[in-house]
Structures are given as C-alpha cells and as structure tokens.
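S.K.: The chain contents come next:
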Amino acid sequence: MEGKIVSALVRLLGKVTPPILHAARLTLGGLFLYTGLRKAFATEAFARDIQNYGLLGSADAILMLAVYLPWLEIAAGAALIVRRLQLGALIIVAALMLVFTGALCSAWFRGLDISCGCFVEERPLTTRTHFAELLARDLALLLTATLLLRIEWRRASVDKPAAPAQVS
Amino acid sequence: MIVQALRQIAALLGLALLPAFVSGAIQLQPHRAERAEPITPAEILASAQEFVWVDTRTQADFDAGHASGATRLTVEDWDPLIPPILDAWHPDKMLIVYGPAGEEVAARLRKDLQVKNVRALKGDWQRWKAK
Numbered sequence: 025m026e027g028k029i030v031s032a033l034v035r036l037l038g039k040v041t042p043p044i045l046h047a048a049r050l051t052l053g054g055l056f057l058y059t060g061l062r063k064a065f066a067t068e069a070f071a072r073d074i075q076n077y078g079l080l081g082s083a084d085a086i087l088m089l090a091v092y093l094p095w096l097e098i099a100a101g102a103a104l105i106v107r108r109l110q111l112g113a114l115i116i117v118a119a120l121m122l123v124f125t126g127a128l129c130s131a132w133f134r135g136l137d138i139s140c141g142c143f144v145e146e147r148p149l150t151t152r153t154h155f156a157e158l159l160a161r162d163l164a165l166l167l168t169a170t171l172l173l174r175i176e177w178r179r180a181s182v183d184k185p186a187a188p189a190q191v192s
Numbered sequence: 170m171i172v173q174a175l176r177q178i179a180a181l182l183g184l185a186l187l188p189a190f191v192s193g194a195i196q197l198q199p200h201r202a203e204r205a206e207p208i209t210p211a212e213i214l215a216s217a218q219e220f221v222w223v224d225t226r227t228q229a230d231f232d233a234g235h236a237s238g239a240t241r242l243t244v245e246d247w248d249p250l251i252p253p254i255l256d257a258w259h260p261d262k263m264l265i266v267y268g269p270a271g272e273e274v275a276a277r278l279r280k281d282l283q284v285k286n287v288r289a290l291k292g293d294w295q296r297w298k299a300k
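Protein chains in written order, with my numbering: chain X, 25 to 192; chain P, 170 to 300.
Short, incomplete list of chain X residues facing chain P, as computed with Cβ under 7 Å:
# : residue
1 : T67
2 : G81
3 : V91
4 : W95
5 : L96
6 : A99
7 : A100
8 : G112
9 : I115
Far from chain P, by Cβ distances over 10 Å, these chain X residues were calculated:
#  : residue
10 : R35
11 : G38
12 : T59
13 : R161
These aren't lab readings, by the way, just hints derived from the structure by calculation. Here a beta-carbon is modelled for each residue, glycine too, at the ideal position from N, C-alpha and C.
Construct the complete structure from the given sequences, taking the supplied hints into account.
M.R.: So, in structure tokens, the structure goes:
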C-alpha cells in the first residue's frame, strides 16, 4: 500500500515538475527581458541609480555599465525564453543576481536610502527603501536561477556525446 | 561541459555588445556634448578670468582643507548645496570643479545653468588651498 502511494507521488512529481520548471524559466527570462528593456532606454536614470550605490568611482565606468548591463540582461532573458544558449544564460543570470544581491546588502549595511535600480522606477522621496523586501525578491530570483542552472548543467552533462572508444 | 558553458557566455556577452554600442552612441551623444575638456592648473594660471571654485569631495575632506573660496557641491546633495554657488557665480566668472566627481558635477552644472563656462580641474587643486 505504502509502495503504491510513494510511486504515485513520484509519478505525480514527475508530471508536475517539468511545467513548474518551464514556468520558472519563462518567468526569469521574461523578468530579465522586461527590466533590461526598461533600463536600455533610460540609460541616464539607470546610471544615476548605479551611482547612488557609491560602489563605482569613475563616471565613465558607471556610464559604460549603464549602457551595457541592460543589453546583457536582454540577451540572457531572451536566451532563456527561446531556449538557446541556456546554460550560458543561466550562469549570467545567476552571476548578475549574485552581484545585485551583494550590492543591495552593501547599500543596506551602509544605511543608504536609494532606489534599487531594478526597474529604473521613480521612487517618491517620501517613501523609504524596503531593503528586506528587495533582498527577499533578489534571493528568490537567485535561488531560482541556481536551481535551473543545476538542472540544465546536469541535463547538458547527460546529453553530452560519449567519447569514441579507443581502438587498441 | 565547462568549455560549452564558456562558449555560450562569450556568445551572449558578444551579442549584448552591438546593441549596447549603438544604444550608447545614440543616448549618450547629448551627454558627451555637455562635457568640456578639463582645465589644467597651467591654463588657470595663464587665464585672466575670475573663478568660482566648486569642491565635490566629502564634507570631512572639505573641512580638512579646500581651495580658497571654494563651495561644496555634490550630486547627492544638489538642491541644498547649489544656492551658495549661484550666489557666488556670475556669467563672467568661470566655475572650476574639482574632486573625484569633478567632471560629472561640471557636466550637470553646464546642463542645469545652461552655461559653457564650467570646467573640471585636471590636476591638483592644492596650489589654491586656503591659507
């Protein structure tokens, strides 16, 4: 009886998991595509957001980052959606999320009250930054990206063609 | 596996480069126009113009020493710090901005005041240190 329940659960999990992972990949890709597009056409506002973190001293470095980063997000997000170059896209997304989370933690630690720069949104001056919420969101995205990366890495390893046998 | 991952990362980094280059060229064109060549101490000494000095460093650095007659201005505290500079400034006087954010503050002053007589200092300001 127990064995039947367990095998039914495993079957159910096998059916449910792929659509969930598929949805997670599409959500992550869509989010990166959306935020990338918003920032790509608001370079100056995004550069101000980066500057507010106070982690980069050079104005040129900030501008270059503000120009390039959104297009990298767009490329990685689009790759996740169309399922091309997925492994590379997931590594980039996970690495970016790690950097964003680190920058957010550093801003929180230094007591800055700044816009996170994720959506280049206009933040009313009267509202304070809710770092805990932003951090929870970033950590959830980082966790999703890491999980998807792990699965994709495993899949790519299995799909890898075996080396031809040596003829003695 | 690692080679495949690295290839894909390189492809995506490269893919992002071209649109970033085009977008940057289009969007930053006016920004570049707001920038002027930094002024050197030699040019200042050779100039007969009057200057208004703007210091972009932190309050602590400013308190420790600044150019004679300098006023502090940073992008972060723009609104509260700009009035004294406007009081000291006259269209005939050149604004010279120094400190790590010198070029950025100079560009914003050029944009906000709609004047071209604003230059960032290239080099050391200590020669003009208040005694």
